[in-house]
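For what it's worth, our numbering labels the leading residue of the sequence shown as 140, then goes sequentially.
The hints are simulated quantities; they were obtained by calculation from the structure and are not laboratory data.
Hints may be right or wrong, so weigh each one.
Lysine to aspartate or glutamate pairs mimicking EDC-like chemistry, simulated, CA-CA at most 20 Å apart [said to hold, decoys possible]: (1) K228 - E257; (2) K256 - E176; (3) K228 - E204; (4) K272 - D206; (5) K235 - D270; (6) K195 - D206; (7) K228 - E196; (8) K253 - D270; (9) K241 - D206; (10) K235 - E196; (11) K272 - D186; (12) K262 - E273; (13) K272 - E257; (14) K256 - E196; (15) K228 - D186; (16) K253 - D186; (17) K195 - D213; (18) K200 - D270; (19) K256 - D213.
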Amino acid sequence: MNQFHCVINATKYFIRKPIKPLSYCLSYTRKMATEVEKAQSASHNGDTIFGKILRKEIPCKFIYEDDQCVAFHDLNPQAPTHFLVIPRKPISQLSKSEDDDKLVLGHLMLVAQKVAKEQGLDKGFRLVINDGKEGAQSVYHLHLHVLGGRQMQWPPG
């Protein structure tokens, strides 16, 4: 057995997952670029799609609703289960929230946990808040992404 065969055999031992084809990597990179592009061009002012959903101008099936927030499935899911929790109060970004918002912010977290349980995410989930351009925020109405139903990877970014 020569050195080359040892390297090949060692590689087979250490690589447990199949290597993804280049086309997958390129499509994933393009998808990520599109999300970043959306965030870079997102408007900080005016109405948002979430405002229209809250006013029922855009139909949406809520999976949770109360006087402080709503939850619904993401239109572009990034995991087998992916839903959003949004406050009824229009807070543009987490970094722009104020002391008066702490009760609703806590409530959003509790609702995320409750709905995650209802959605069968008993093995765990990821909670994400994108904030600002570099945080890839594409809609300037605070929202929590709850993702689950598969093993999440680390680091996420």
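To see whether the hints hold, each was checked on the structure:
no. : hint        : verdict
1   : K228 - E257 : violated (24 Å)
2   : K256 - E176 : violated (33 Å)
3   : K228 - E204 : holds (13 Å)
4   : K272 - D206 : violated (29 Å)
5   : K235 - D270 : holds (9 Å)
6   : K195 - D206 : holds (15 Å)
7   : K228 - E196 : holds (17 Å)
8   : K253 - D270 : violated (23 Å)
9   : K241 - D206 : holds (16 Å)
10  : K235 - E196 : violated (26 Å)
11  : K272 - D186 : holds (18 Å)
12  : K262 - E273 : violated (30 Å)
13  : K272 - E257 : violated (32 Å)
14  : K256 - E196 : violated (29 Å)
15  : K228 - D186 : holds (13 Å)
16  : K253 - D186 : violated (28 Å)
17  : K195 - D213 : holds (16 Å)
18  : K200 - D270 : violated (25 Å)
19  : K256 - D213 : holds (17 Å)
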